[in-house]
Every structure is written in structure tokens, then in C-alpha cells.
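A.B. asks: Listed here are the chains, written in short residue letters.
2 protein chains.
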Amino acid sequence: MADRAQTNGFSIIGKPLAMADAVSKVTGIGKYADDLSVPGMLIGKILHSPYPHARIRSIDTSRAEALNGVKAVATGQDAPNPYGILPIGHDERVFAVDKARYIGDNVAAVAATTAEIAEQALDLLRVDYERLPAWFDPEESMKAESDWIHEERAHNIEKEYHHVFGDPDQGFAQADFVAEERYYAGEVNHAAMEPHSTLAIWEPHERLTVHSSTQVPFYLHRTIAEVCEMPMSQIRVIKPLIGSGFGGKSEIIPLEIAACVLAKKSRKPVKITYTREEVFLAHRGRPITIVYLKVGITRAGKIAAVQARVVQDGGAYCGYGPVTVLYSGALLGAIYDIANVRYDGFRVLTNKPACGAMRGHGTVNVRFAFESILDQLSHQAGLDPLEVRRRNLLKAPCITANSLRVTSYGLPECIEKVFERSNWKGKKGKLPYGKGIGVACSHYVSGAANPIVRSNMPHTTVYIKIDRDSAVTVYTGASEIGQGSDTMQIQIAAEVLGVCTERIKLVGADTELTPVDLGSYSSRVTFMAGNACLNAAKDMRDQLFAAVAKKLGCSPSDLVAKNDRVSHVSDPAKSVSFDEAVAIALEFHGALVGRGTYAPPEAARGGKFRGAGVGPSPAYSYSAQVAEVTVDPETGHLHVDKVVAAHDCGKALNPLTVEGQIEGSVYMGFGQALQEDMIWKDGRLMNPSLLEYRIPGTKENPDIESIIVESVDPEGPFGAKEAGEGSLAATIPAIANAVYDAVGVRINSVPITPEKILEALRAKEKALATSKPPPEKSSAPGMAR
Amino acid sequence: MADRAQTNGFSIIGKPLAMADAVSKVTGIGKYADDLSVPGMLIGKILHSPYPHARIRSIDTSRAEALNGVKAVATGQDAPNPYGILPIGHDERVFAVDKARYIGDNVAAVAATTAEIAEQALDLLRVDYERLPAWFDPEESMKAESDWIHEERAHNIEKEYHHVFGDPDQGFAQADFVAEERYYAGEVNHAAMEPHSTLAIWEPHERLTVHSSTQVPFYLHRTIAEVCEMPMSQIRVIKPLIGSGFGGKSEIIPLEIAACVLAKKSRKPVKITYTREEVFLAHRGRPITIVYLKVGITRAGKIAAVQARVVQDGGAYCGYGPVTVLYSGALLGAIYDIANVRYDGFRVLTNKPACGAMRGHGTVNVRFAFESILDQLSHQAGLDPLEVRRRNLLKAPCITANSLRVTSYGLPECIEKVFERSNWKGKKGKLPYGKGIGVACSHYVSGAANPIVRSNMPHTTVYIKIDRDSAVTVYTGASEIGQGSDTMQIQIAAEVLGVCTERIKLVGADTELTPVDLGSYSSRVTFMAGNACLNAAKDMRDQLFAAVAKKLGCSPSDLVAKNDRVSHVSDPAKSVSFDEAVAIALEFHGALVGRGTYAPPEAARGGKFRGAGVGPSPAYSYSAQVAEVTVDPETGHLHVDKVVAAHDCGKALNPLTVEGQIEGSVYMGFGQALQEDMIWKDGRLMNPSLLEYRIPGTKENPDIESIIVESVDPEGPFGAKEAGEGSLAATIPAIANAVYDAVGVRINSVPITPEKILEALRAKEKALATSKPPPEKSSAPGMAR
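Going line by line, the protein sequences match chains A and B.
So for the first sequence, my numbering puts the first residue at 1; every next one is plus one.
So for the second sequence, my numbering puts the first residue at 1; every next one is plus one.
Bound-form chain A, shown alone:
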């Protein structure tokens, strides 16, 4: 615990450090999945359904199979086992066996000697479809009485949660101001630069080696075994360099299984790389979310009650959907001290690509709604919205109304930091028309406390080996996906062993070489793999100290490891170099291998309302942001001038990467706030390319002032907790609230386009013209179901 409480005197922790894989990426020497090529490799291509909902009567593969160069054609019959990342949603198959459920659903695949031949073979496949009625709007889909997308999911409802904490009715009765609004968030995709790609290599002895662009190599390992009906020990999954994931590679993506099925069938290496259109069709992004939100506050600005009805447009398969809707409820109120919350969440199936986990999973759209309505209520009550947030803070450590255990809580400091740095006092309500400032807060988990599959297992294990040349090797299952997890673990090992980072090599995310880690999702890696690495390094340090202490004639507790030396804490004469310490320890122990595991403590695994076992987290991060905007009332054009973003990451192990994560989160929130939106027409995506689906470029992104707040979590490695996702959710409502400050209209629908602003301004003008005040409080339909 000493290492966790320690806040200064570090050699490497807390210092800005370039990413361990930076050079290999910058020089191009590093290999992403699609860069890989092996002799005799075939190219795989997938046939996608042209219909949103259609029974498959038959598939004639004969003409495709007869084409010269085609080595395998696979359909649903070749791999009928269902799979899914969650135990509750085993509803996917690599290729449709009964019906296709969205435009783009996977129907068959071919492996051929060239991409051209594979494409040609796809044209030769004859599928006899019977079209079925399809559902595209989640609120309509919930009303369906027939033609359910999955027969076992009545009314197309995949999952619903109904939680009540405290007494919301009494809370609303005590409230002085109550607002009810309907919020809408469009659908967004991760738009990772690297498209999905998988190379599956069939090998002698019925072995399969799979290189795949995945955030979850160990889940993939298990799923391939299930679907291909092979022992896991015959399968090796290797994660190459990843061109970011943002959650889009945290589920099993059909091409990963398709490549394996084709490799097994052809007994050859098969590579499949998605086109950008296929990336959009594989999707797993943030769902269209409709939030009916009712919040009441007292005259003093205390939140008295919250009631939310959330409908998420899940698409055609379960995926991580139940987690999305669970997180929406679990995190809705838990950032503040709110006693009374009612939550009704619905994950609804539609005939569209499946949604899933995306940066800020489950929190972003409800946070937009909540932080917007809180701003609205503050103004109604005549209170400063930032001050209202101050008045609703938790008193940590504490347990929230919905049983989440908060052990460190840097939100107060985040709020004060953005208050100061943005000159909130000098600006709020004092800017000219068209200029505005807005505040919002957010929080996020540091990983789910329970693994998705089975409990009472370590989330992660790390081994550390020291060889005779004193080289330290860290073996970790954790998946570097661009977020810096390799660098983080190298830093931790170097700090504990008291050596420079150059001594440390890392072998990562290879199911054959490294121990298990659950994967890079839910911002779990720094907390879980970081703690496992810390424990492994301490185990190794204990071994070094035991041997060196004997040699130096002192107690192991007298020793410190620092600056590539092991030394007596008070007697400078007793000191050996790290090389000498290793030689002594090798003589003493014979070999040097340390191990560390980590699983969150029982107390962090949640109480009564921990939902499907994935809700609670061992620690929560906090953010506060202030956005400044300029709105052109003539055109509705919105420009975000600056975002001041404070994030409580517990302890910044590497400030450079924490700042990078804050900036990246703000940029991604900015993209969703202003422009990113998947446009649908009868289940067909109308903008499936990066030309049409516009993510902001470097020149469009706002100026950001990042502020790191360190609350030093007692359980986090050196006090660290989440940094990669939590900031995102504050950006959208901060911008929306700034728009209100700028031009006096509330846009309850993202993206906040010029059209929507203009429309709202015109409605406001019209209302003013008829001498009525603009509607600060609207009655939201559909709250009861």
C-alpha cells in the first residue's frame, strides 16, 4: 500500500514519457494487422445482406465454388454456433442461418487467391431471400406485435432495467423547480483510423494462429474456440499494433470469426480487411438515444429527485447493449449527491447494425441530457449553474444511493480549477450576444469490477522476468491499442524496480506468450493491469531485496531500489548496482520471475443494484469542463472557441498521455456535439464513408486547456484511475449550455447543427413576437410506459 499512498519522490511515475511504440509507428516499421502477409495467403470477402430484414430460404454456392482461384465458400451452415460477448446475449452467428437482420448483415464469405476473384465469387452467390417487415425507429419497434427481430425478444426489447433509489415521488414533491425534457442523440461511430482486419493462419496439427485488430484478444480466443469448435489451446491470438479502437474493437467483430472459419475450411492463411463501408456496417458505435428526463431542484439548488426513461436504438444484435443501458442508469445520478432516482432503461432492437461500446460507454448521451436540464433548472432558480453543481457534491468516501462505492472524488477540485481557469466569474452572463460560456461535469468507471464471463477470477495477471544480463521483461495480456498501456506498465515496473525504462521490454497481448487480461475496455487497463504489474514488480523486488539483504548483512526492509541501484536506506556504503543485485539474486534464487494479479476488492463489486455484474467499478474518475462558444445568429453557425477541461485521474502516471486522453476525449465529444451523425434511410446508412461522415480534423478542433487533478485513489496503482473516456461526456452538454448562454436557445438534440440552432432561434423570435417567453419548461410526452 506504501506505493499507492506515495505521492512524491517518484523517479519515473508522474514524468512525461514518450510512448514505447512511438518510433515503430512513426517510422512505419510497426505492423498493423493489414500489413501482415504470409506465403499462400488468401483474401477473404464477405457477402452482406441487401435487405434490412429477410428470411434466407437458400444459398447456392456452386457457381462461386467453381470459380478458378476460389478456395473456400462459407455460409451459416459452416459455423452455426451462436456467440456473444455477454452471457445474456448469445444471439450472433458469423453468418446468418435463419434470416438477415440488417442491411449489411453477414450472409456468406469466400476466400480466394486474389481480392478480385473473391469479389467476383461474391457476385456468383445466389441467395433466395424472403423479405420481412423491418423496424428502424426504436420507439416504433417497441410497439411491434409481430416479425420480431429475434423471436425470443418480445416486442423487440433486448433488455430493460427498472431501478428506483430513494423516493423519487417525495423528492419531486419537495422540489421548488421541476423540468421535464426529451433529449435526442444521433448515432455515432468510433471512426478509428485503422479498419478492422484479421489474418487467420491455419497450421499443421490443426492449429490456428490469428492476428487481429482487437481490444479483447482473450475474449476473441474463447469465441473462436466456441464457434470453430476447437480447443483453446489449439488457437493462438496475437494482437498486432492497433490503430485505435474506442470500443469498436472491444467486441468480437464478424470478420474475425469469418477469417477463422475460412482458414479452417481452406486450410490456408486467410486475411480479411474491412472497407470503410464495412466498418460502418459492423459498427458497435453509440446508439441513437432518446432520454425523457424529469429533474427537480430546491430553491437552494439541491437536486431533489431524478426520473429518466431511456430508449436506446440497439440495432439488430445484443452485443454490449445491456451494458450500455445499464451504465446509463447506474452513472446517471451517481456523480452528485442525489437521494432519489427512478430509472427505466430500454435497449430496443431495430433492423440496423448493432450498436455497442464507444468511448464513454453508456454515459455520454444521458450526461448530455442531465447536465443540460441542470443548467436549465439553475437558470429557472436564478442560480449560477456552476454553483448548483458545487451544492450537490458527494462527501467522499461514501456509497452512492445506487450502491456505488466512491473512494476518491476529485470533482470539487475539477470544478474549482475550471472556474478559475475559464474566468467563469468574469464571463458567465456577461458576454455579448452570440458569445457564450457553459459548464458541465461527468464521471466514469475505472473498469468494471466484475469480469463479463465469470467471477472470482483475476482480471489480469502480469509476469516479470529478469535475465542474467539484467534485462527486465514484462509479460502482460493487456492490449495496447494506442492508449499507452504498454508504456504505463513499463513505467510501473521501472519505478518499483528502481531502474530506467530502457531496461524494460514488454511482451503483450499474445494468448500463447502472455497471461490473461480481459482486454482494453471500460477504462480498466491502468487500474487492473497497472495493479497487476505493480504487484508483479513488487514480487520481483522482494526477491531482489531478500538476496541483496543477505549479501549486505541487513534487513530487506532497509533497502530501496532507485537509480539502477539497490541501496541501504541510511548506510551509503551498503549499495550494489542493479546488475550486481540481479547477479546476487540469481545466485540466491536460481531464477527470477515475479508475478502479480489483480481483481477489485469484494467491497468494490457493488451492492444490491450492481445490475448484471458489470455495473460497479473499484474507482471513478471525475471531470468538469467549461466551453466557450461563438454562435452566428444569422447562419446558426456554431464555433467552439475553447474548452477548459479538468479531469481527476487519481494520479497521472504519465501526464503526457493523460493530457492526450483529455484532448482526445474533448475532440470526440466536440465531433458528436457539432457534426458526427449516421444518417439512415429505411435501414440504409446514407453516409458510410469518412468523406460523408465527418469527424473533425485538426483545424476544426477547439483549443483545449487540459488540467490534471490528482485525488490519489487508495486502490489505484500509485493512486491512478481512469483517464481515457470520462472527459468526453462533459464536452457535449458544456457546449450545449454555452449555446444557451450565447443566444438563449436550448438545443436538446445532438449534433447541434446550424439548422437546429436557426430553427430554435426562429421559434424563439416567433414566441417573442407573440409576446410569450420562450419555453423554458416543456412537458415531455411518453414518460410513462
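Since the hints were derived computationally from the structure, they do not count as laboratory data.
Heads up, the beta-carbon is just placed ideally off N, CA and C, and yes, glycines get one too.
One thing to keep in mind: the hints can contain errors.
Said to hold, decoys possible - Only some residues are given here: those of chain B computed to face chain A with a beta carbon under 10 Å:
#1 I29
#2 Q77
#3 Y463
#4 N535
#5 E587
#6 H589
Said to hold, decoys possible - Chain B is nowhere near these chain A residues, computed Cβ spacing over 10 Å in every case:
#7 F10
#8 L383
#9 P458
#10 D469
#11 E502
#12 T630
#13 V712
#14 P751
#15 T753
To be verified - List time: in silico BS3-like cross-link candidates among lysine-lysine, alpha-carbon distance up to 30 Å:
#16 B:K538 <-> A:K25
#17 B:K268 <-> A:K538
#18 B:K31 <-> A:K268
#19 B:K268 <-> A:K31
#20 A:K699 <-> A:K435
#21 A:K31 <-> B:K551
#22 B:K551 <-> A:K538
#23 A:K31 <-> A:K265
#24 A:K550 <-> B:K538
#25 B:K268 <-> A:K25
#26 A:K25 <-> B:K31
#27 A:K31 <-> B:K31
#28 B:K538 <-> A:K551
#29 A:K31 <-> B:K538
#30 B:K25 <-> A:K265
#31 B:K31 <-> A:K265
#32 A:K505 <-> B:K31
#33 A:K505 <-> B:K538
#34 B:K538 <-> A:K538
#35 A:K268 <-> B:K25
Assemble chain B onto chain A, guided by the hints.
C.D. replies: Below, chain B alone, put in the same frame as chain A:
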């Protein structure tokens, strides 16, 4: 110790098992070093000296450097640090800096975009040589008064040993029969099918990854660091598939360093693969050996005294030479109970390629001499030569006259087995003229007890990891070179953990991924890495048993692991599958990693006469062989009809591979006995190709009856000891003795060619014609020095 004493009830140990890498070799999917290729790879070529001894005045590289496509030219100035496998012989440099010492010595190298350009560049190099007197005959070289090959080695003597055990003079005085002979053995090369090949890849961050056909990746690792002046942690050595070594890849071969120097200089990947001629020039094979041997026996057939003077033609560099000449002395008499031995060994430098370690290192040529003279003396004394061997056996366990510790001794059983199976009694002395039968014995070490570099370090460490899918991974530094070391370790781990071999994967011989092992030489791997693997598996089994015992409510000592289950030894109700055991243990321990190390016990490290620290071994293997031959007296043609070969390997972990090793050893001995010989003319090798240097093909090899004898060594893993080399040394004298039995002439020079047989027959005829008996005893000149 229970595992070592156990001789039956095994599930996997002792069962014939196909090699783990057989499929990858047979199908061609496995990669040898020369199969590897990376983008931008350059081809390296080496300039060899055309003179046997010449000072290098200057090298003009300018024209070569100017050639389009040439990326680097390296000479001695680029890598002047000397290296050598032994601390005493740091006399090699990758390229000559002062002078070239043999025809083929390495003078410079180029790396170019194609092999053709590299060859062309070699032609453009201008070297100004000053020729020096050269030495080709070792006995002449010893007399040299000037122009010594290495200035610091006076009279060209690299190393000499003078040992006296007991009182040889008194022994000879007590002998009834004394013989003195001069024996000569020609020079032979390993002739491994795979030529040496190294791919050195320069990487960002000044890193170097080296794939090399080596038996000693960890020694190579260290040597590259020394010569290239890089930290070892910046260098990764990976051993790919090896097309056998036989000792030829157990030293650092110049191309391995040359590729690294060129890669570092060009900052590119560089591959060098030797031509067959270059393989012969790199050599490190068995030296020309001249043995002046004097042995006395009593009338009862007891060996009374032995005196040997051995001169080895070492070539121009030290290499493993001191070990060769040490082993020749240490093992000369230690197979039998001989109290009085005098040994004078000389390793002499000549202007020829360096000799080194080759299968049966140091023992083969002295064994030929000793077993021949013992046959001769037996006949002189009127005793059966096989019976004479029976009368000189050790009484194990014991310490030999020269302080070698013999813990298991299967030689008596080997002798009885070949006696029976060959029908010795029915044939010896009873075959028609031209048909003959001969017997000989040999022995060998199970690895050197002390590492070459530093003492008190484990020879080898093995880690074993079990993942959540119950897959077992063995991480070993031991080098599979075709001898089956991977399979052996998989078997040991499977046996101890009670699982089928299919569950076990092995990661081997990669300095970044695996712990240290000293390498595949001196038949150390089964003994050392086998014991380390055994210890690692037991460590892992202890962890499993601790957890399962708690779960089942019993003591860990009640449990057995067998047939993929962990069960109570007497209560069948208490049993879990291996998968369940792993799940229970993971819950209990968090992670499963076992480790094992092995270093021979202090008592095995030798006494007073352990020489340079590499002499003694923790265990010795024994062989006896009977050869039957047919000699055509008209042509001198010798045909080996059959070899009955018994080998005491302690315990045959895999009888299939032990038999393969016995057969391979006999074939190799047969090749040296009859036909293999490097022909020299003024320091130039006249037969540097496999067309001219004739290794026997499948059709030429004799029939072999292999007999495995199991003495169950108390220290070996499951009782196992050496199997890969020891048999070789018995084959040559068994054949030579059979030739005597067939036609009554002794050929004291190998190879035993038809010419030599004819010459001896003519000499014998001539002697008979002059009524003198053929010379059974010759006085050997040069015994005193």
C-alpha cells in the same frame, strides 16, 4: 527425488513419441534461418583470405563502396573487439585486423541489395597482403621458432595439459604385456545439412534482432554485445529451426557477427548464408589427432598403466580447442578401472581453419586409439578382447582415478547385451578369412558440470505457465537443433502434470522470451534443461495440488496427477479434471507460473583434476558395440555388415529419439571410420563440397541393432543421461578391430581406406614371405617430448 527413482508406471515418459516439430519440418512450413526474409533486407558476403598466413598492410574499400547497391563495407576496423567462447582463448575477431591466418580467414564483408552486387563488390576490394611462412603440420608447427600464428602463443602451442594419476611407471613395471602405437585420425567436418545462416535486423531505438542457426543463442547474445559494443538488452537472439549442428553451431561462427556488424553499419536487415565451401572454411570440426599410446596389461587382462601423448591440429584459432584436448585426457581412461595414467595433451595452432567441438567432442580419436590397443594387447595375452573389457570395469558408484564421479554405470550391461545379440561367442575367431568381428566401448559426459563463463549460476531455467483455458506453456532457453529437446521437455512437463502432450506448447530459445540456457553442446540438454523442466513442472504441480487439496478437503500429498485429472490416491470420489484443477488453482493463487532451475551438485563439479572447470559432468553414459565386417583381400574393400550398439542412457525418456541418436552416432562414426577425410594441400582444402567430401548415404550405412540400456541415474531427470554423442566413439575401433579379426591387419589410421588395408595386407604378406610375424607391437616414435 521420487520422480527420478521411479522406473515404471509412467504415462508419457518412456513412450515413443514423434518430434513436436516433425510436421513443420516435413511440410516445409517451418522456417530455417535462410528461409527468413524481411522487407529491405540486404545480402551480405564475406571476403576470405587467399593466403594461409599473411600480414594485411591495407584494405582499399573505396571502389566497393562506390558501387551502386552497396550499403555497407566492413573491415576489421569496424569491429576490433576480440571474442572467443572460452575465457582463455579470446583470439578471434570477426575480420582480421593484423593478419590473415588461414586460407578462408575473414578479411572484410559487404552488404548490398543483391547477392550479385555483393559478390561484385568483393572483387572491387583491394587488400595489400604480405605473405608469411605458414604451418600446416601440427608436429612441425610445434617446432616453430618464429612467425608464430598468434604471437602470444609460443611455438604455436595453444594449450597443453600434463596429468599424472597414480604411478604409471610402477604400473608398466607390473604389466606382463605392453604395447606402444602411433594412431592417426584425419580431419572431419560436421557436414550438417543446413549451412550456417544469420539474419540480423537493425531496428529503431538502436535495437538488433538476430535470427541465427546456432546451438548457443545465449552465448551468441553475449558475444554480439561484446563485439558490437551494445547492451545485451538491446539485442534479441532468436533460434529458428536448425538443420542440425553436431557441434558445428556450438561456437560463434564469424558470419553471425559479420551480419550484425553490417546491419549496424547499414542500419538495415542483413542476411548472410554460407556456401558449402564457406561451411568447410568456418569448420570447427574434429581435428587431425596424433596419439602416441602406450598401454600395459597383466596376464589376467587387468590394465596396469596407460600413457598417452596427444597432438591435435587445432587450426588457426582457439575456439573450443582447449576443451577438446582436455576431454581427450579426462575421458581416456575413466571408462575403465585404471589406476595409473599419464597424459600429455597438446593443442597446436596451424594455418588452417579452426577445429572445435564435434559429436563425441574430444573422445572419438583417443577412444579409437585406446580400444584398438586394448584389442591388440588382448590378442597378445591370448585373451578374448570382450572378456578383457569385463575384467576392467569400474565398481560404481565410485570416483575415478582422475576424480570423475560415476553415479550410474551401465557399461557391464551394455557389454553383456552386445555379447548376446551379436553371438560373439559363436563368431569371435570363428569366421572365415575376410569376415571379422570386433568390439569396443565408449562413454561420454551428460554436459559439463560447470558453465564455460561463470560458476555458481544455474545452467538452465524453465518457466511453465498455465492459462485459464488450461493450456500449458513451457518457456525454455534450450535449443532444439533436431535432437528432440523440445519434445523431451514437453514429455517431462506432461508426465509431471499428468496431462497429454497435446496440452503443452513450448516457446524455446529466444533471448527475449525465454530464460537462460547455456546451449546445446556436450550433451547437456536432457540432463540440465530436463531437470530444470522437471523442477518447473513440479513447482507447478505443487501449486495445483495445494489448491485442489483445499477444495477436496485432503492433503496435497494425497493427490496424484494422471490422465488429465487430479485425483485422491485412494478415494476415487475425490477427483477433478485438469481443467477444473486449473480453475480451482487460478482462484486460489490468482495466476499460475512455475519455475525450475538446475545446476549440477557441487559434488559433480570435479576434484583436483577437473581441468579448466569444464571437465567433469554430473553423469556419464556408456556404450558397447560389436561390428561385423567383410574385407575383400583382393581390393581392400571394407564393408560393415552390421553394428550391434548398446547404449546406457540412464532412462530413455523417448525410446524413438534415443534409438535415432544411437543410429545417427553409429552412422557418423562409420563415415569417419571408412571415408570422411578433409584433404589438405599447403593449407588449402581440396575437397570443400559434399560431392568430394563424402558422407555416407542411406544405402551405404550399415545395419544397426540398437539396444537401450537403462541404468537410471540418481541425478538425471527420471534417471536420464546422455544419448546423443557417446555411441559414436565406439564405432570406429569396433570396425578397426573387426578388420583385424577379418584379415589380420591393424589399421591405426582413419579413415580405413581400401588403400590402407591393401598396403597393410601387402606388408603382412611381405613379412610372411620373409617368415617374420606381422608386427603386433611397434615402437612408437616421439612419445617423449
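A.B. asks: Now tell me, hint by hint, if it's right for this structure.
C.D. replies: Consistency of the hints with the structure:
At about 6 Å, the closest approach between the beta carbon of I29 of chain B and any beta carbon in chain A falls short of 10 Å, and the interface hint on this residue holds. A distance limit of 10 Å between C-beta atoms decides the matter here; for Q77 of chain B the minimum to chain A is near 27 Å, and the interface restraint is violated. A distance limit of 10 Å between C-beta atoms decides the matter here; for Y463 of chain B the minimum to chain A is near 6 Å, and the interface restraint holds. Taking 10 Å as the C-beta contact cut-off toward chain A, the hint placing N535 of chain B at the interface holds, the least distance being around 9 Å.
A least Cβ separation of about 5 Å between E587 of chain B and chain A falls short of the 10 Å threshold, and the interface hint therefore holds. Because the beta carbon of H589 of chain B sits about 8 Å from the nearest beta carbon in chain A, less than 10 Å, this interface hint is met. No beta-carbon of chain B is positioned within 10 Å of the beta-carbon of F10 of chain A; the least distance is around 23 Å. Here L383 of chain A stays apart from chain B, with its beta-carbon at least about 50 Å from theirs, past the 10 Å limit.
Interface exclusion of P458 of chain A from chain B breaks down, the closest Cβ pair being 5 Å apart, not more than 10 Å. Its closest Cβ contact with chain B, about 4 Å, brings D469 of chain A to no more than 10 Å, contrary to its assignment away from the interface. Not every Cβ of chain B is farther than 10 Å from the Cβ of E502 of chain A; the closest lies at roughly 8 Å, contradicting the non-interface assignment. Once the 10 Å rule is applied to beta carbons, T630 of chain A is consistent with being away from chain B; the minimum gap is 44 Å.
Every C-beta of chain B lies more than 10 Å from that of V712 of chain A, the closest at about 25 Å, which supports listing it as non-interface. No Cβ of chain B comes within 10 Å of the Cβ of P751 of chain A; the nearest lies about 41 Å off, and the non-interface call holds. Every C-beta of chain B lies more than 10 Å from that of T753 of chain A, the closest at about 44 Å, which supports listing it as non-interface. Restraint check for K538 of chain B and K25 of chain A: not satisfied, since their Cα atoms lie roughly 42 Å apart, outside the 30 Å limit.
Taking the CA atoms of K268 of chain B and K538 of chain A, the gap is about 39 Å. The hint is violated against a cut of 30 Å. For the suggested pair K31 of chain B and K268 of chain A, the alpha carbons sit about 17 Å apart, so the restraint of at most 30 Å is met. Only pairs whose Cα atoms come within 30 Å are accepted, and K268 of chain B paired with K31 of chain A is accepted, the gap being roughly 17 Å. A hinted pair counts as satisfied when its Cα atoms are at most 30 Å apart, and K699 of chain A with K435 of chain A qualifies at roughly 20 Å.
Straight-line distance between C-alpha atoms of K31 of chain A and K551 of chain B comes to about 46 Å, which puts the hinted pair past the 30 Å bound. Among the hinted pairs, K551 of chain B with K538 of chain A is consistent with the structure: their alpha-carbon atoms are about 29 Å apart, no more than 30 Å. At most 30 Å may separate the alpha-carbon atoms for a hinted pair to count; K31 of chain A and K265 of chain A meet this at roughly 26 Å. Only pairs whose Cα atoms come within 30 Å are accepted, and K550 of chain A paired with K538 of chain B is accepted, the gap being roughly 27 Å.
This hinted pair checks out: K268 of chain B and K25 of chain A have alpha carbons roughly 17 Å apart, not beyond 30 Å. A hinted pair counts as satisfied when its Cα atoms are at most 30 Å apart, and K25 of chain A with K31 of chain B qualifies at roughly 27 Å. Our distance criterion of 30 Å between C-alpha atoms is met by K31 of chain A and K31 of chain B, whose separation comes to about 20 Å. With a C-alpha separation of about 29 Å, the suggested pairing of K538 of chain B with K551 of chain A holds against the 30 Å cut-off.
Distance hint between K31 of chain A and K538 of chain B is unfulfilled; the C-alpha atoms sit about 39 Å from each other, more than 30 Å. At most 30 Å may separate the alpha-carbon atoms for a hinted pair to count; K25 of chain B and K265 of chain A meet this at roughly 23 Å. Pair hint K31 of chain B plus K265 of chain A holds up; C-alpha atoms about 24 Å apart against a cutoff of 30 Å. With a C-alpha separation of about 25 Å, the suggested pair K505 of chain A and K31 of chain B falls inside the 30 Å cut-off, and the hint holds.
For the hint linking K505 of chain A to K538 of chain B, the alpha-carbon distance of about 28 Å falls within 30 Å, and the restraint holds. A threshold of 30 Å between alpha carbons decides the hint, and for K538 of chain B with K538 of chain A the separation of about 25 Å falls inside it, so the pair holds. At roughly 17 Å between alpha-carbon atoms, K268 of chain A and K25 of chain B fall within 30 Å of each other, so this suggested pair holds.
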